Amino acid sequence: MELEKFRDLFDLLEAEIKKIIVGHEEVVRKTLIAFFAGGHVLLEGVPGLGKTLLIKCMSRALGLSFKRVQFTPDLMPSDIVGTQVLTEGDGRREFHFKKGPIFAQVILADEINRATPKTQSAVLEAMEERQVTVFGESYPLESPFMLLATQNPIELEGTYPLPEAQLDRFFFKLMVSSPSPEELREILHRTTGAGSNEATRVLPDNGAELISEMKRLLRQVIIAPPIEDYVVRLVHATQPTGHKGGAAVSEVKEYLRFGSSPRGAQAIILGAKGNALAEGRVHVSYEDIESVLYPSLRHRLILNFQAEAENIGPDQILAAVIKKVPRD
Amino acid sequence: MEKEDGLPDKLVGRLVSHLKRHLLWDSLLIFFPPLVVFFYVGVFLYRSALIPQQALIFAAAIAVGVAWLMAILRYRPMAPTARLAARLIDDRVQGKDRFVTLATIDPAAFASFLVARLRHEAAGLLHRTDLRKDFPYRLKRSFFASLIGSLVSVLLFHLILEIGPYFAPRGPAGKELALIARELSRVPRFSELARSVEALAVRLREPGRSSQERSLIQNALAKVEAQLAAEQAQGGSLRALLSRAADALRGLEQGDDGSQEEKAGGGLKSNLPEQGGDRRKAGQGGEGEGEAGVTLSDSKDPQGGKSAEKGTQEAGKRGAGKEQGLGDRPGKDKEKRSDIGGMAKGEVQGKGTKDQGEEIPRGATPDRFLQPGEQAEKGVKGARFVSVQLPEEEAGGSMGEGRSGKGRGLRPKVPVSNVPLRRPDSPGVPSEKQPLPLEYRALIR
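These protein sequences, in sequence, are chains P and H.
Residues 1 to 328, numbered by my numbering, are exactly what the first sequence covers, in order.
Residues 329 to 773, numbered by my numbering, are exactly what the second sequence covers, in order.
With the rest of the complex left out, here is chain P (with noise of 0.2 angstroms):
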């Protein structure tokens, strides 16, 4: 595929979504860059910001088939990857799988931290290995799969945290923000009135061949060495123990309990292969992983408690981690 259909599908794809989704360019951008280079998204934002409409509005433009599944805490996880039902027929009866709503193509698990840790780990398999075993019985999943969780900072009494492992297999963790004064006007504008609140199709019939090219081409986007050499950094950064024990940088050895996996590193080079595409480029610049550092490692820092105490994120660790790590 070259350069220029994969930024037209895009153009394409991103306006048809702001044609929804008022202000969170970001947000639509990194949704859809995650989508391409094969990853899943945690969206975080107080009820209401419209996480459900963006996903829906992304699976539509897609062309692909989209589930939701509201997470509660009586959620079983046979409700989400399915269960083997007992069926009658020609005299005789037999179990047949009936498939939950995981095996849509794109999964919206809203706000995913009400349910259960045994209901949230149903998820996994399908996440990293694009497949659910029941019964002892392996099914894959349609490709191309996303999921995308939601979850809400405020009300958190009745919730069950997602684990790290969990957290880890996110590609992105997007923080969803309340719209500007301008931007809510523009919301109740196009809310409102009579107009559609749907979007259309963007990509033709053969989408699916194309979200694979696309996603082919992702990969090939050239990395110069020192830049992998800034991710590996930034990355080791993130320990508190420092590299080979080394010194951390202050803030981490101060507020982190733990790192970023090697996942994190992976997450920020695809991530940063599909903002240069999404910029036109065909090659990876400091700029991008600086920009996709923020969502590909937020969700992987564990804060220790003198973070919680004194109010620090992981985003205020990150920005002095790059602010201390050089490029070269």
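Just so you know, these hints were derived from the structure itself, not from any lab.
All of these numbers come straight from a predicted model, not from anything done at the bench.
Glycine included, C-beta positions come from ideal geometry on N, C-alpha and C.
There's no promise every hint is true.
To be verified - For lysine to aspartate or glutamate, the following EDC-like pairs were computed, each having C-alpha atoms within a straight-line distance of at most 20 angstroms:
#: 1; chain 1: P; residue 1: K323; chain 2: H; residue 2: E449
#: 2; chain 1: P; residue 1: K19; chain 2: P; residue 2: E183
#: 3; chain 1: P; residue 1: K5; chain 2: H; residue 2: E449
To be verified - Covered stretches of chain P, as calculated for chain H (at least 3 residues, CB under 8 angstroms):
#: 4; region: 221-235
#: 5; region: 283-297
Following the hints, put chain H in place on chain P, whose structure we already have.
Below, chain H alone, put in the same frame as chain P:
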């Protein structure tokens, strides 16, 4: 298009060479001022005849080699890489790391159409930079630091040269003369003069001083003074060198007198510090007469002579005056007495030219020496020296005492000569008049 696509790599290569040249200049310029200072010091020492020509050439070669080696050692680890050059170009043309990427990737590891596109994009940015304009050579702070350090070194060198002689021990009598002879030999028209000075210097290396050597010194001094006068008349540039030679010879001549008298055991040693610019001041001497007597020398014009020596004598006066003031204190008197005793034992052999901090009273021999206890008509006001004529019996009793320091006789109360005293007006006889500072008057009485 293919040709154009190769340009980014070439530009990076050119910038690497450009920066390497800058770094080489930096490295050379850092070591250049110290090298110049080294040469300057070397040439200065050579012109002062303190080092031979071979040593200068050898040291210069070593210095150039060391400077070059240091420059290379500094240059090597700092040599700019293609990556650095590419980064600089990226910063300059806002290339979004295109040049860094091109300079560091293995093109075979990536899709060729993407690499070609990247090269094409980079080539499109080339017009935004001009290596000469964007990366001009500028003198670095390290060079200025080196320059300032070198200038300070030169100043220190000259300062040490100026004050060093006041602290450094003196060499043998003829050494400086030999150095001056070497300097003179570099000037063709002074070659004959140089030879005679050199010959004199060689003779002076041997211990002991005969009347023949003294006449040689006087001859050489006369030649040098004649040459100096000629040079002054012509306004020549070598007056300083000739003046040095004349001073050295004068010092030797006067020191010779002193040492001769020291040999005779009649010299009184002064511990006056050297004053003024002349380091070669006369030694002390005594004048013998048949009977003891004391005469006073006026300090106003003790030399009664040459204008060329006047400055030296003035300086000497200042030193003597200072010493006299100090001498009023009992502690100082004691020191001086012990100094006299040391001298009598001959502990300061060869100091005839070294400790010549006092002026020699000159002038006509008085008609009559004062008798012991007799007061001068005008008193001692304004006088700085008394010349003591030692009695024959005292002189005779001091045999074996004196310069050699190996005497076995009794130590005399006052220093006396170990040679028969002759009349001072007899020809070829060194002055045996002993200038004695006033504070020693008590000794005489």
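We went through each hint and held it up to the structure:
Of the supplied pair hints, the one linking K323 (chain P) and E449 (chain H) is violated, its CA atoms being roughly 30 angstroms apart against a limit of 20 angstroms. Note on K19 (chain P) and E183 (chain P): the hinted pairing holds, with a Cα-Cα distance of about 12 angstroms set against a maximum of 20 angstroms. About 17 angstroms separates the Cα atoms of K5 (chain P) and E449 (chain H), which keeps this hinted pair within 20 angstroms; it holds. Given as covered by chain H, the region 221-235 of chain P passes the check, having 7 residues with a CB less than 8 angstroms from a CB of that chain where 3 are the minimum.
Counting residues of the region 283-297 of chain P whose CB lies closer than 8 angstroms to any CB of chain H gives 5, so the stated coverage by that chain holds, three being the minimum.
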